[in-house]
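Asker: Below are the chains, spelled out letter by letter.
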Amino acid sequence: MMQISTPFMPEKGVIRSIVPMAQDNYLFEFKTDTDRLAACKPGQFVELWVPGVGECPISVCSGRVTESIQLLVRRVGRVTNALFQMSEGDWAGLRGPYGHGFPVERYKGQNLCMVAGGLGIAPIRSLWQYVLDHRQDFGKVILIYGMRHSDEMLFREELKLLLQRGDIHVFLAADDATVCELPPFAMQVGRVTDMIRQAAIDHDFQVAICGPPVMYKYVIEELKAKHVTDQNIWLSLERQMKCGIGKCGHCFIGGRFTCQAGPVFQLADLKFVPELIECDNGGAQ
Amino acid sequence: MTTTTEQKTLPCIAVESLTGCAGELLVILDNLEQLLPFVRIVSFPFAQSKNECGPVDITFVEGSVSQPHDIEKLKRIRSNSRWLIAIGNCAVWGCVQAGACSRCHVEDMLHAVYGDESPIKALPARPLSDFVHVDAMLSGCPINATQFLSVTASLLKDHLPYITHKPVCLECKLRENPCVLIEKNLPCLGPVTAAGCGALCPSLGAACYGCWGPCQSPQMAAMATILQEKGYQLDEVLSRLQTFGAPDTLFARMKPDAEVA
Amino acid sequence: MSGIERRTIEIPEICRVEGHSAVTVDISDGRVANVQLEVFEGTRFFERIVLGHQYEEMPHITSRVCAICSTGHVLAAVRAIENIFEFKPSVHTNLCRQLMHLGMIIESHATHICALALPDFLKTPDLLDFATKHQKEFEVWTKLRNLGASIQTIIGGRPFHPVNLHVGGLSRYPLEQDLMPLLRILDESRTYALHLCDLLSGLTLPIERTAEACFLAVVPDGPGYGYFGEVVRASDGWEAPVANYKEYLNERVVAYSHAKISTHLGGKPFMVGAMARLFFFADRLGKTARSVFDKSPLASGKACSLWNNLAQAIEILEAIEQSIVFVEQLAAGGFESEGATHLDGLVKAGRGVGAVECPRGTLYHYYELDEKGKIVAADMITPSAQNTAQIELDICTVVEQQMALDPALLQSSLETLVRAYDPCNTCATHMVQIRSVKAK
Amino acid sequence: MMDHCFVLAKDSFAEFFESLSKLGRVYAPVKVSDQSYSFRQVESHEQIAFEALRTILPPKKYFYPTQETILRYNDVQIEEHKPEIDFQILFGVHPCDLAGLGIMDTIFTAGPADSHYLNRRQSSLIVGLSCMPDKHCFCQSMGTDCPESGYDLFLTDIGDDYLLEVRTAAGVKAVDPIMPLLRAAGQDDESRYKAFWSNRAQAFTNGFKPDNLRSVMAMEWDNKIWDEMADRCLSCGNCTPVCPTCYCFDLVDIASLNGTSGERRREWDSCQFVGFAQVAADYNFRPGPVDRLKFWYRHKLHGFDDPFGFQTCVGCGRCTVSCPAGIDDIVSVVQALQATNQAKTKHDAN
Ligand SMILES: Cc1cc2nc3c(=O)[nH]c(=O)nc-3n(C[C@H](O)[C@H](O)[C@H](O)COP(=O)(O)OP(=O)(O)OC[C@H]3O[C@@H](n4cnc5c(N)ncnc54)[C@H](O)[C@@H]3O)c2cc1C
Ligand code: SF4
Ligand code: SF4
Ligand code: SF4
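Protein chains in written order, with the working numbering: chain A, 1 to 285; chain B, 286 to 546; chain C, 547 to 986; chain D, 987 to 1336.
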């Protein structure tokens, strides 16, 4: 009898470089034997496996098709800690790419606002790389990036270049910006919601959002105030994902597997999903 | 078996005990052949007399803190160890002696067991994490050998182990046992007890008595309600639920009429 | 004080015993002035812990006194409570319990001899040394321990802290297919036990003589060598029902130790354990064990306490032979599948004592129940507590013989002595380690 | 309709069983306690509990084991673990369980297919068996009471005989050796068959109508009934492994002591456990029993409407009988919700 193969087989990804971006946030570059992973779309993710420890979903943050992929990882727990102990030349397992990323084809010809909170910058970075590579396809482009502290800024060098380009409007905000950046960083004290208020966003914008669960509710309120419709709001959701392929059930919300139907969802498409943005009591146990 | 020179470069482990029944030590002894090729045992006072107290990579500590001497010892262990792992119910929850402490003052116990003039200094039994930072907790009474070995394997690689503390009911259903709580009205504590034993008791047709300590986020109030409905008196239910060291805090949400005695 | 030579020997923590303990000897003017065997295992308060619990929880709670003889605690508790209810367990239940107990004897004795006592004689202070330099003994230990663990797992559900033994019976009885594989292992294990007997009989002891001991042991029910009974016998000719234990065991609290100390009949130290049992009941041994006993130094009746280890090896041999018989009897009796007997109708208020010969000696459990079966009073007297006074006496004798020796040698003799008793401090509350011998 | 139908005398069942067991291991319900049955391997037809309605675990365990290794690794390579798969025969699968397997098939084939599941599924023969509902059965309400597929053979109890439907090529092959025992179904057999199914249809008594579940659930999301139930919920997770359509699992790495090799395993998991929807930084989307309980009900009642267009409850009643807290009584809970909802809508209309 013909036996098919398991979809849980990772590819070996050899670490090519590790670049610290901020404390506990490193950019890992992986090279795999096939180019299946490198050809992924902005907003898609991979399941990263550290043998003997486990897997976790990580967004691919490189939006350009090259022979390797980049993952920006924050050290938070078991798997990520183990990854941080690895060095160049070591290998980890990679499965993917999974999920539907940001619908870049639908964004084309329109104005685009990208909103990132903290680590949410990782998938957003793949989106902006795509947008810059196809800049002529888009109208006005805005990037809003909020963080807790200006020290935590990720992709600092690239943001510097973005700020210099002029064809993309960048807003940077930190809750706490005691170490005020020299130009070109126009770091403001505040939240992403404050930036949205400042930015010239109207109903004509497509908005792509990624950030911590608590952020979404406020961002959505702010966007609605600017008459952005549910059709034009795109959320990248975080859930526990053990398999990434719509089987393990952990990411199931409102009738869909986040890993397969998402992780990027159109707000209009999420009709009755009670625990969509956050749980009723804020996630406290 | 490895030679002495190789031994030097192997990760060092220590097995220490505070106040307990030595069960975890026996489990480790029983699995010694598997461990020895990969570790150097620098201290294991139960089983060897040449023990060092220098820095160690992993220290497994069995037993609860039950006397001032235990605290000192534990603090010394903590400062010597890269990873400190609590093994066994005593170290994780305090086991039966902690269970009793939540129902009776330690002075009364001292009095009851040793009489009036006892010079003995006893503390209410507490788990290790009440005194020092514990890197991982492996519950069990005794611990499960397979789980112990795989946790050790993770730690030897400097990785934190994956320990979830799902309830015994999961293992019970995976073994497809008829539920003794439903079918025999036995006071089975499987729903609030951490899995790992393989649902030993229900698999034999008996009620789980909770020896692995509470599972993650146990629903104590609901458990008490259901057992009461089955005819068990509240005080009996509470004493069963706390036998193996479940702390008072887990009962905080119980309704006023179910106040902890 | 001048002119009088005083010194103190301190062994602050004795290793390779179960639990934590220390020895202090004061020597004054060439005589031993004071001996203290201090158990500083944290207190466990079991007599208090069990109060308010239901009778059926006793096996589970009291097994936590000590892992290595958890089966003994379970059976003592079960017997005590069944005595209150005047309940007689079925033949089948008794066979299972006896087999279970033998599993514990094999496992506990093997661990004690090989891991805790032998390293003294073989001079292997660390485990790896032992495992590499004495592969045969290491293997013997592993095999016997595994045998004991398998027996206890098959009957009790796991190697220790059994979950299957209850007041009234077992919750599930072992099936033929569970038990039969044991026969082959038991058969092979004889050679391991014989190896230990040979090895131990051939040892030269570092101590010539210990204090003369009064032995106490339970007279086994039935004709064979056994570990359960209702009457206790002493080598000074006295006998009493175990139910009267309070009258003949004087348990007292001492300032220096967390273990209580027992003496027999108003102050006389005594010894319990394998040596005591063999002293009385060697004539009940099976053929193989009997012939080993007859040729051993134990046959003289008055032996040094250090031979306790040999006595244990002989008991392992006997236990293997007995287990074979029990497995065969269980098989012949057919494998019933009764679940734990429901005792609901029998529950009543009362007091009861259960005594069991554990690896280290007689263990007593006493309970008082109210009419609902709730524990209102309890008492547990462990063998190690009973032996403490005798160990102190022995220490005294040894120090007087060897006072002139190098302190390191003397310390090692004392440690060897203490380990021979295998005092279980976890039981007595827990036990010993040696750091240095200081002469002050 | 009686094209592929034969009559097997009950007296000949032993021979039928013999012939089945020549094909591979046979699994069938056996009695394991006063109230419970379980699918176990059977050596003789006498072990089979024909009266069994629901087993503790549904037959999904034969395709999706409670625990299995999916890959092994060492320091140089990752190796797929291919389980040994023997041909297996499941005997006595009732309509609800057949429907349950159908749902499992959908999940495990959607997207990248799950090889372990499908490989096992393809090397099995499923023999269905008719049943008479008890008070906890509601497959009729869920529309899963008369299966049209998902089996190779199906036996309907028509008195002294079974009516044997042969559904698939594998089924044809399986009955080939026993053709001499069978006779083609005639008119009388057909009427006995129809009588059985119509009697059975009458036997469902709870009158449960799972209408408008989606809107009822949405409107009653804050109904206090959930909190009342959650006060009793033990979060023990008994309701999920027993459900024929619950598929969730956890993936676990087991490292070896040598530091270089190990394996990855999957184990059944449950949405009722507190860690299930927890993400990094200990953020939990369903922290309380009430959140998890509502999630489960919703998932069972209309959770798969969107991706697949069907409900995931097949009405077997297992969750109801396996819940130690007695709160997984789907029928009464939904009926209560429907009642309050109706009252509400009436009130609004007025
Ligand atoms: C689509 C997507 C994209 C992401 N992209 C990125 C990215 O680009 N960069 C990045 O750094 N992070 C990203 N994350 C977050 C990342 O997946 C988590 O930070 C990661 O899972 C942490 O893994 P860990 O093992 O280090 O953490 P841990 O906190 O140790 O645990 C890992 C996961 O295991 C689960 N878990 C823990 N305890 C239990 C338990 N008791 N029972 C069951 N499960 C348990 C938790 O759900 C937790 O999420 C992304 C997440 C998603 C969903
Ligand atoms: S027997 Fe106990 S552990 Fe098993 S399912 Fe029932 S309540 Fe849970
Ligand atoms: S009491 Fe509970 S946790 Fe302990 S062995 Fe029995 S089933 Fe397992
Ligand atoms: S939800 Fe309950 S009744 Fe429905 S299929 Fe699952 S177990 Fe059966």
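Hints are supplied without guarantee of correctness; some may be wrong.
Once the Cα atoms are required to be at most 20 Å apart in a straight line, the calculated EDC-like pairs of lysine to aspartate or glutamate come out as [to be verified]:
| id | chain 1 | residue 1 | chain 2 | residue 2 |
| --- | --- | --- | --- | --- |
| 1 | A | Lys31 | D | Asp1020 |
| 2 | C | Lys669 | B | Glu337 |
| 3 | C | Lys894 | B | Glu521 |
| 4 | B | Lys515 | C | Glu632 |
| 5 | A | Lys12 | D | Asp1143 |
| 6 | C | Lys920 | B | Glu337 |
| 7 | C | Lys918 | B | Asp520 |
| 8 | B | Lys469 | D | Asp1020 |
| 9 | D | Lys1047 | B | Glu337 |
| 10 | D | Lys1121 | B | Glu357 |
| 11 | B | Lys515 | D | Asp1217 |
| 12 | C | Lys689 | B | Asp415 |
| 13 | B | Lys442 | A | Asp133 |
| 14 | D | Lys1017 | B | Glu318 |
| 15 | A | Lys12 | D | Glu1249 |
| 16 | D | Lys1017 | B | Glu521 |
| 17 | B | Lys515 | D | Glu1066 |
| 18 | C | Lys918 | B | Glu521 |
| 19 | D | Lys1068 | A | Asp90 |
| 20 | B | Lys515 | C | Asp675 |
| 21 | C | Lys679 | B | Asp315 |
| 22 | C | Lys894 | C | Glu874 |
| 23 | C | Lys682 | B | Glu514 |
| 24 | B | Lys442 | A | Asp35 |
| 25 | C | Lys920 | B | Glu521 |
| 26 | B | Lys335 | C | Glu602 |
| 27 | B | Lys469 | C | Asp675 |
| 28 | A | Lys12 | D | Glu1066 |
| 29 | C | Lys918 | B | Glu318 |
| 30 | C | Lys679 | B | Glu461 |
| 31 | B | Lys515 | D | Asp1146 |
| 32 | C | Lys689 | B | Asp520 |
| 33 | B | Lys442 | D | Glu1249 |
I should point out that these hints are in silico values taken from the structure, not numbers from a laboratory.
Just so you know, these numbers come straight off a predicted model, no measurement behind them.
Asker: Does each hint hold? Answer for all of them.
Answerer: Hints and how they fare:
1. Lys31(A) with Asp1020(D): violated (59 Å)
2. Lys669(C) with Glu337(B): Holds, at roughly 18 Å.
3. Lys894(C) with Glu521(B): holds (17 Å)
4. Lys515(B) with Glu632(C): At roughly 28 Å apart (the allowed maximum being 20 Å), glutamate 632(C) and lysine 515(B) break the hint.
5. Lys12(A) with Asp1143(D): violated (55 Å)
6. Lys920(C) with Glu337(B): Cα-Cα ~47 Å, so violated.
7. Lys918(C) with Asp520(B): It holds: about 13 Å lies between the C-alpha atoms, which stays within 20 Å.
8. Lys469(B) with Asp1020(D): Holds - the C-alpha atoms of aspartate 1020(D) and lysine 469(B) are around 9 Å apart, at most 20 Å.
9. Lys1047(D) with Glu337(B): Violated. Lysine 1047(D) to glutamate 337(B) sits at ~50 Å, over the 20 Å cutoff.
10. Lys1121(D) with Glu357(B): The given pair, whose Cα atoms are some 62 Å apart, is violated under the 20 Å limit.
11. Lys515(B) with Asp1217(D): The given pair, whose Cα atoms are some 17 Å apart, holds under the 20 Å limit.
12. Lys689(C) with Asp415(B): Between lysine 689(C) and aspartate 415(B) the Cα gap is close to 39 Å, so the pair fails against 20 Å, i.e. violated.
13. Lys442(B) with Asp133(A): Violated, at about 42 Å.
14. Lys1017(D) with Glu318(B): violated (42 Å)
15. Lys12(A) with Glu1249(D): holds (15 Å)
16. Lys1017(D) with Glu521(B): violated (33 Å)
17. Lys515(B) with Glu1066(D): Judged against 20 Å, a Cα distance of about 49 Å means the pair is violated.
18. Lys918(C) with Glu521(B): holds (11 Å)
19. Lys1068(D) with Asp90(A): Violated, at about 26 Å.
20. Lys515(B) with Asp675(C): violated (57 Å)
21. Lys679(C) with Asp315(B): With a Cα-Cα distance of about 19 Å, the restraint between lysine 679(C) and aspartate 315(B) holds, given a limit of 20 Å.
22. Lys894(C) with Glu874(C): violated (36 Å)
23. Lys682(C) with Glu514(B): violated (58 Å)
24. Lys442(B) with Asp35(A): Cα-Cα ~31 Å, so violated.
25. Lys920(C) with Glu521(B): It holds: about 9 Å lies between the C-alpha atoms, which stays within 20 Å.
26. Lys335(B) with Glu602(C): With Cα atoms ~43 Å apart, lysine 335(B) and glutamate 602(C) exceed 20 Å; violated.
27. Lys469(B) with Asp675(C): Violated, at about 52 Å.
28. Lys12(A) with Glu1066(D): Given that 20 Å is the threshold and the Cα spacing comes to 13 Å, the pair holds.
29. Lys918(C) with Glu318(B): violated (48 Å)
30. Lys679(C) with Glu461(B): Answer violated: lysine 679(C) to glutamate 461(B) is near 47 Å, above 20 Å.
31. Lys515(B) with Asp1146(D): violated (43 Å)
32. Lys689(C) with Asp520(B): Roughly 46 Å between the alpha carbons, so the hint for lysine 689(C) and aspartate 520(B) is violated.
33. Lys442(B) with Glu1249(D): Satisfied, since the Cα-Cα distance of roughly 15 Å is no more than 20 Å.
Of the hints listed earlier, those the structure fails to meet are numbers 1, 4, 5, 6, 9, 10, 12, 13, 14, 16, 17, 19, 20, 22, 23, 24, 26, 27, 29, 30, 31, 32, in rising order.
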